[in-house]
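Residue numbers (this note's numbering), protein chains in the order written: chain V, 3 to 321; chain D, 3 to 321.
These are calculated hints, taken from the structure and not from any lab test.
Check before you lean on any hint, since a few could be wrong.
A pair counts as met if it fits within one copy or between any two copies, since identical chains are not told apart.
[Stated by the list, open to error] Straight-line alpha carbon distances no greater than 25 Å define the calculated DSS-like cross-link-like pairs of lysine-lysine that follow:
id: 1; residue 1: K194; residue 2: K257
id: 2; residue 1: K92; residue 2: K211
id: 3; residue 1: K194; residue 2: K156
id: 4; residue 1: K257; residue 2: K211
id: 5; residue 1: K74; residue 2: K310
Number of protein chains: 2
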Amino acid sequence: MDSVFIENGEVTVRTTRRPRRSPGSALIRLLCGGICNTDLELLQGYCAFHGIPGHEFVGEVVESDQANLIGKRVVGEINIPCNSCEWCRKGLERHCSGRTVLGIVNREGAFQEYFVLPDQNLHVVPAAIGTEDAVFTEPLAAAGEILEQVRIPKGAPVAVLGDGKLGLLIAKVLHVHGAEVHLHGRHRSKLKLAEASGIQTVWLGKKGKISAYDWVVEATGSSAGLDQAIEMVRPRGTIVMKSTLHDQPVIDTAKLIVDEITLVGSRCGPFEPALRLLEMGELRVEDMISERVPLREAPRAFELAASKGVLKVLLIPCA
Amino acid sequence: MDSVFIENGEVTVRTTRRPRRSPGSALIRLLCGGICNTDLELLQGYCAFHGIPGHEFVGEVVESDQANLIGKRVVGEINIPCNSCEWCRKGLERHCSGRTVLGIVNREGAFQEYFVLPDQNLHVVPAAIGTEDAVFTEPLAAAGEILEQVRIPKGAPVAVLGDGKLGLLIAKVLHVHGAEVHLHGRHRSKLKLAEASGIQTVWLGKKGKISAYDWVVEATGSSAGLDQAIEMVRPRGTIVMKSTLHDQPVIDTAKLIVDEITLVGSRCGPFEPALRLLEMGELRVEDMISERVPLREAPRAFELAASKGVLKVLLIPCA
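With the rest of the complex left out, here is chain V (with noise of 0.2 Å):
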């Protein structure tokens, strides 16, 4: 079978045998995986990554103990837990010292034909998601997570740094959720999908306001990012951090605290939110897809998936 290697800064395809699963494990095939920007993170040299990358995925369950598993669509929670820390009992599974996370710390991932993850990561799709839609299952989740840290009011002005995926995706469940979203952005014709959904939008060819919002949602991807929210954030304000970068970027640390600024460092989310969203329709995703490649084209998917103006890009194996 097909897997996808990231190894010294390359994308390869090599052909491998079938992974076997444990006890509690099921044997997934993949229907459909998303190449996230953590992925291209990776490749310059996040997390000092080397194997099979890929946590974004669809798959159908092939092997498992729960024998209601078999043949159902499923995606899955990235963080492996020990399942006896602090961690895991308080259910905050995605925190446990221990925990390897699916093709990005300690485990091979979902770009692959067939891979292993635990039943107790597993969330059956429902049958009114589309498989494509449900490959935003994760990112949505990680965007929803905002919500579950901080209270944002309905109404409330909120800036979203960045027109990348995440920032779209962020962009409609602040926007779901009814907050006065203004997306920030260098990309127009991204932008103008977030105006389709109602979303007002800027173009940053001009200098953002400064001391402007009292929410700022960083997720630029660059390190330059989280400057820029920290000049449009007003005294007593809240940046949520969503772009984990391999650089590490110099921040004005006296600026946060003359303006008593908070920063809400974000990451993964609960999965059964992100699926009701997708299920009652109340948030597209369709529309952030650039284009889908066959798994064993997967060094071009990548290419494509840094390229300029390129949303989301699904992998796809083979028939």
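Please build the complex by placing chain D on the supplied structure of chain V, with the hints as guidance.
Structure of chain D alone, referenced to chain V:
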């Protein structure tokens, strides 16, 4: 009269004219000033400051439109607001965008025999508080600001990083609040002061604990402090930032995001709770006075204040 100046990285004392008050402002005779780390940062270039520093003081009101202030011992809030913007209307004059800041931003400070401050900034010092203790009102208010911003449960372990003046005051305030404070520092003599108040201490000759605290207060006054705080905080924990530095540190934002850490910038606080703490005798500060130096020997006083092992240096005008 004598006035202290910071210019081109040097402290000098010059003879100046007694300033004149305008309506609504008081003319104040300095009784005692305190040198703060921010003053040492100004000397390093923070805020591109040139002029008369000084924002920790106790003075006696000599002239004012308010007859009941005259002859009273006062301390003063350091932010001088416009009184008309939305922040001022909200009672958050400390964040007024048009504000000047005593001895820091666009306003002569208190390190001169006589100086001027609006009546509205002044708080009369209760008789039970000695003049030298009252000099600590401003930094004590800044320490107390933490409890205005975040809810630290009673009994919760809190790491305070930095055994300098502000770190010690923060440790004392949080200890009185009922938190289980662990003061981390590099100076055995300073840690002993905290121990005398019943505070647990950790000498940082050895490495600090990794991911050990839900609450970390960074008050090292060093650009390396934030990194250390990020190492010590647990997933989903909170770091309160207190060190306003001229330097801008490099930050591992990926760790903040993956562990969903919250950073809270914290600056000036309300004076009344600080004065109450001093009045009730719940918190000792006199043990933090290292030296009393005549105002006209300010250059020596600043040198002392920057020396290892020294805590608060007071400036006393000559009689």
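Verification of the supplied hints:
1. With identical chains, the CA atoms of K194 and K257 are never at most 25 Å apart, being 33 Å at best within one copy and 33 Å at best between copies.
2. For the identical chains of this complex, K92 and K211 are inter-copy neighbours only, at 22 Å across copies versus 41 Å inside a copy, given an alpha-carbon limit of 25 Å.
3. Proximity of K194 to K156 under the C-alpha cut-off of 25 Å is restricted to the intra-copy arrangement: shortest distance 23 Å within a copy versus 50 Å between copies.
4. Taking identical chains as interchangeable, the C-alpha atoms of K257 and K211 lie at most 25 Å apart only when both belong to the same chain, with a minimum of 16 Å there against 28 Å between chains.
5. Taking the closest pair of Cα atoms, K74 and K310 never come within 25 Å of each other, the shortest separation being 36 Å inside a single copy and 67 Å across copies.
In summary, the structure is inconsistent with hints 1, 5 from the numbered list given earlier, while agreeing with the others.
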